[in-house]
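These protein sequences, in sequence, are chains A and B. With UniProt numbering applied, the first sequence covers 1 to 428. With UniProt numbering applied, the second sequence covers 1 to 428.
Hints are computed from structural coordinates only; laboratory data are not their basis. A quick note: this is a predicted structure, and the numbers were derived from the prediction, not measured. Don't be surprised by glycine CBs; every beta carbon is placed ideally from N, CA and C. Treat the hints with caution; some may be incorrect.
[To be verified] Covered stretches of chain A, going by a simulated chain B footprint (3 or more residues, C-beta under 8 angstroms):
| # | stretch |
| --- | --- |
| 1 | 237-246 |
| 2 | 292-302 |
[What the hints assert, rightly or not] Beyond 12 angstroms from chain A on every Cβ pair, some chain B residues (computed):
| # | residue |
| --- | --- |
| 3 | M1 |
| 4 | T6 |
| 5 | I7 |
| 6 | N8 |
| 7 | D33 |
| 8 | V59 |
| 9 | K76 |
| 10 | I208 |
| 11 | R293 |
| 12 | D311 |
Protein chains: 2
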Amino acid sequence: MLNIETINQKQFSKISQQRTSRDSETYEEVDKDVQKIIASIRNKGDAAVFDYIERLDGVKLDELFVTDEEIDQAFKQVDDEMITILKEARSNIETYHKNQLEKSWYVNDQEGIWLGQQVTPIERVGVYVPGGKAAYPSTVLMNVVPAKVAGVESITVTTPVQPDGKVNPNTLVAVSIAGADRILKIGGAHGIATLAYGTESVDKVYKIVGPGNAYVARAKKFVFGDVAIDMIAGPSEVCIIADHQAEPRLIAADLLAQAEHDELASSILVTTSKQIATEVQQEVENQIKSLSRQDILAVSIAEQGRIYVVDQLNHAFEFVNELAPEHLEILVENPFEQLPKIKNAGAIFLGSYSPEPLGDYFAGPNHTLPTNGTAKFSSPLGVYDFQKKSSVIYYDQQSLEKANQKIQKFAQAERLDAHAASIRKRFE
Amino acid sequence: MLNIETINQKQFSKISQQRTSRDSETYEEVDKDVQKIIASIRNKGDAAVFDYIERLDGVKLDELFVTDEEIDQAFKQVDDEMITILKEARSNIETYHKNQLEKSWYVNDQEGIWLGQQVTPIERVGVYVPGGKAAYPSTVLMNVVPAKVAGVESITVTTPVQPDGKVNPNTLVAVSIAGADRILKIGGAHGIATLAYGTESVDKVYKIVGPGNAYVARAKKFVFGDVAIDMIAGPSEVCIIADHQAEPRLIAADLLAQAEHDELASSILVTTSKQIATEVQQEVENQIKSLSRQDILAVSIAEQGRIYVVDQLNHAFEFVNELAPEHLEILVENPFEQLPKIKNAGAIFLGSYSPEPLGDYFAGPNHTLPTNGTAKFSSPLGVYDFQKKSSVIYYDQQSLEKANQKIQKFAQAERLDAHAASIRKRFE
Numbered sequence: 001m002l003n004i005e006t007i008n009q010k011q012f013s014k015i016s017q018q019r020t021s022r023d024s025e026t027y028e029e030v031d032k033d034v035q036k037i038i039a040s041i042r043n044k045g046d047a048a049v050f051d052y053i054e055r056l057d058g059v060k061l062d063e064l065f066v067t068d069e070e071i072d073q074a075f076k077q078v079d080d081e082m083i084t085i086l087k088e089a090r091s092n093i094e095t096y097h098k099n100q101l102e103k104s105w106y107v108n109d110q111e112g113i114w115l116g117q118q119v120t121p122i123e124r125v126g127v128y129v130p131g132g133k134a135a136y137p138s139t140v141l142m143n144v145v146p147a148k149v150a151g152v153e154s155i156t157v158t159t160p161v162q163p164d165g166k167v168n169p170n171t172l173v174a175v176s177i178a179g180a181d182r183i184l185k186i187g188g189a190h191g192i193a194t195l196a197y198g199t200e201s202v203d204k205v206y207k208i209v210g211p212g213n214a215y216v217a218r219a220k221k222f223v224f225g226d227v228a229i230d231m232i233a234g235p236s237e238v239c240i241i242a243d244h245q246a247e248p249r250l251i252a253a254d255l256l257a258q259a260e261h262d263e264l265a266s267s268i269l270v271t272t273s274k275q276i277a278t279e280v281q282q283e284v285e286n287q288i289k290s291l292s293r294q295d296i297l298a299v300s301i302a303e304q305g306r307i308y309v310v311d312q313l314n315h316a317f318e319f320v321n322e323l324a325p326e327h328l329e330i331l332v333e334n335p336f337e338q339l340p341k342i343k344n345a346g347a348i349f350l351g352s353y354s355p356e357p358l359g360d361y362f363a364g365p366n367h368t369l370p371t372n373g374t375a376k377f378s379s380p381l382g383v384y385d386f387q388k389k390s391s392v393i394y395y396d397q398q399s400l401e402k403a404n405q406k407i408q409k410f411a412q413a414e415r416l417d418a419h420a421a422s423i424r425k426r427f428e
Numbered sequence: 001m002l003n004i005e006t007i008n009q010k011q012f013s014k015i016s017q018q019r020t021s022r023d024s025e026t027y028e029e030v031d032k033d034v035q036k037i038i039a040s041i042r043n044k045g046d047a048a049v050f051d052y053i054e055r056l057d058g059v060k061l062d063e064l065f066v067t068d069e070e071i072d073q074a075f076k077q078v079d080d081e082m083i084t085i086l087k088e089a090r091s092n093i094e095t096y097h098k099n100q101l102e103k104s105w106y107v108n109d110q111e112g113i114w115l116g117q118q119v120t121p122i123e124r125v126g127v128y129v130p131g132g133k134a135a136y137p138s139t140v141l142m143n144v145v146p147a148k149v150a151g152v153e154s155i156t157v158t159t160p161v162q163p164d165g166k167v168n169p170n171t172l173v174a175v176s177i178a179g180a181d182r183i184l185k186i187g188g189a190h191g192i193a194t195l196a197y198g199t200e201s202v203d204k205v206y207k208i209v210g211p212g213n214a215y216v217a218r219a220k221k222f223v224f225g226d227v228a229i230d231m232i233a234g235p236s237e238v239c240i241i242a243d244h245q246a247e248p249r250l251i252a253a254d255l256l257a258q259a260e261h262d263e264l265a266s267s268i269l270v271t272t273s274k275q276i277a278t279e280v281q282q283e284v285e286n287q288i289k290s291l292s293r294q295d296i297l298a299v300s301i302a303e304q305g306r307i308y309v310v311d312q313l314n315h316a317f318e319f320v321n322e323l324a325p326e327h328l329e330i331l332v333e334n335p336f337e338q339l340p341k342i343k344n345a346g347a348i349f350l351g352s353y354s355p356e357p358l359g360d361y362f363a364g365p366n367h368t369l370p371t372n373g374t375a376k377f378s379s380p381l382g383v384y385d386f387q388k389k390s391s392v393i394y395y396d397q398q399s400l401e402k403a404n405q406k407i408q409k410f411a412q413a414e415r416l417d418a419h420a421a422s423i424r425k426r427f428e
């Protein structure tokens, strides 16, 4: 049963804090294993990788890379309609992400001074793709395509190998359509360690993105600093803001779509209407019966789901900015007018015909989004995650001469006299 | 003595790896302390903060915030010329960084579909400012001004308190000129924990930036995920590419400016000219005698410094891209023409009148730059570090209807039937 709670402004911050501290797990045991795996792959390279694959994935491989033949075979196993849809989704994702491409720029505001910012792609990127039940082709597209758009030269996907020595054919097809350069059969923390430090047969990458289980997430945390990583994602969330005119049937369907991900997935409705609240509660009970993942749904709806009733629409936005949800649906009159009120959210879906699953697969914006309140400080995965900047400084003689005394004074104030000397010597 | 080494292309990657693994320190002891400090401040709030200040900074405070009176007093202690220079530097930094401001955008490529990206500032940011010898006013400006330009509503600076209960007046003046909203007298890991989790008297922030000692750096690593952090900076580095026409006297001065930071600071010359190499070596020996930080210089030049001689200019660029230096000076003919060859560098300084200290203090681009090879995947601190994005999706009824079957098929392929139902119900 989806609980209803009437709340006031004073409670917003506290409720948000409680919700974002869902993840109180400690990872001591996982961390020990992960650190051992990383150290062992750093020391022993390929030998350690093959060894972990045998021990943890239960298969003795003699080649870490997926072959072209295996990819061809995968295309035969996946149905043609699905391949067409994947290509259309890839194209939509590419079109949207091209808008994010940043350009180098320079300014020349003062004579003799040229300041700029040079934008370049990261040269080598690794993408982790989960195996098993979580082998989502959409995730492959969402992680690889932005890197391609950014102009990354070398994209290496790594994904768990199945006990038969093969990789999920849906994954292979999606990776191929997305345009990655090579695929490794290495899952878990050993996959992350291989990408981060390289081995005899695998070149190290400079950044690793992509979701994974606790081992993958903790391994990413440990290699952070030596390579860049994307945010570590928590359970998925949707928050729906609805006023009196929203349709309870659609709200319920969208809450359930989110809740089916896993038991910790969080589905929240914030509404100004008590009537909507009770109708949605009833609809959820009804609709759940016809869905296949009922065990998961029952748990996530009861334990993580909630309907919050607030007394005015502005308070709904204030509360949502505290929650900083991963997905936010705005099912109110004139949703566009409400956009400026939203400060913290991963992706914003406007109106009745923009349900969250549209964004998961198809519309084009990235579905890798900040969870667990991190939309307060981070962004969807994007092209900007695969580009980087260098600042560029040019002064001519006259311009430096004008600044000469000031820079020397500044350097002396910081007691760095070799800094001062470096400027001074230009004019001796 | 600055060593000279003639190297060839095959050695580039190995040398770069050796250089970027300078930091092989383990932090077990520091980590234990830091984790204890964080846990204690999360549990006990202000009481724990006051307690750590007494124990670690040796002063019993009864107020964590710097008062307006203390700031007024600081302005009287700092000389007026320095205040004017600080203001001019702030203005230059602001002007440059305004070019980095990102705007929200939307596209309307297909009828009935509206896709966009909403850009918003992070609401609350914390800036760590080191105390003691490393209390650099330039660091204050470089960290606070980009946050101001981004439109951050609330900027909290935290910095160690001196045993007399005061804060370094240079720091206070710089913070005030930079425009932060408040200053806390909390240094070390306890400063980071206070910003990350908040206490009764201090609001938690969403992102923490700024340099610090090992305790600060490790504390930032531990709170990462709960709040965002900037990159953890290593020792400072300069790399100079010089051809036969460069002036050894200026090259030597610039190498020494970098080397004076600390014993681990790294000063590298890559040149095509053996003559330049030996002349620079001699100049460094000569110039070092007239500088005040001779003890530091002797160590960093001998242990971290190096002159690499390569056989052609293109190889110099190839090598530098492997090194990915924090600062790169290009002292060759027509330096602008070489810009496209640079893939990995924090800041690029072009020609003889753009020495690195110009960028440290004055020109405007940020001096917080990726170190230790991380320019391969990260950028200077910038306005983009204080803005974040939300994607925006709007489909009208017709547009969703067109995509309806495809999205359902995709969702079914991922075995998420509540996702499919959420779309389907729009058309029942």
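To see whether the hints hold, each was checked on the structure:
1. Closer than 8 angstroms: that is the beta-carbon criterion, and the stretch 237-246 of chain A has 0 residues meeting it against chain B, so the requirement of 3 is violated.
2. Remark: the stretch 292-302 of chain A is confirmed as covered by chain B, as 3 of its residues place a Cβ nearer than 8 angstroms to a Cβ of that chain, reaching the required three.
3. Interface exclusion of M1/B from chain A stands, the closest Cβ pair being 17 angstroms apart, more than 12 angstroms.
4. No Cβ of chain A approaches the Cβ of T6/B within 12 angstroms, the least distance being about 27 angstroms, so the stated non-interface status holds.
5. No Cβ of chain A approaches the Cβ of I7/B within 12 angstroms, the least distance being about 21 angstroms, so the stated non-interface status holds.
6. Remark: the non-interface label on N8/B is consistent with the geometry, its nearest Cβ contact in chain A lying 21 angstroms away (cut-off 12 angstroms).
7. No Cβ of chain A comes within 12 angstroms of the Cβ of D33/B; the nearest lies about 19 angstroms off, and the non-interface call holds.
8. At roughly 24 angstroms, the least C-beta separation between V59/B and chain A is larger than 12 angstroms, which holds for a residue marked as non-interface.
9. Distance check for K76/B against chain A: the nearest CB is about 16 angstroms away, which clears 12 angstroms, and the non-interface claim stands.
10. For I208/B, the condition that its CB be more than 12 angstroms from all CB atoms of chain A is violated, with the nearest at approximately 10 angstroms.
11. R293/B, annotated as away from the interface, has a beta carbon of chain A within 12 angstroms; the closest lies near 7 angstroms.
12. For D311/B, the non-interface assignment is confirmed: its Cβ lies about 24 angstroms from the closest Cβ of chain A, beyond the 12 angstroms cut-off.
Consistency with the previously given hints fails for numbers 1, 10, 11, ordered from lowest to highest.
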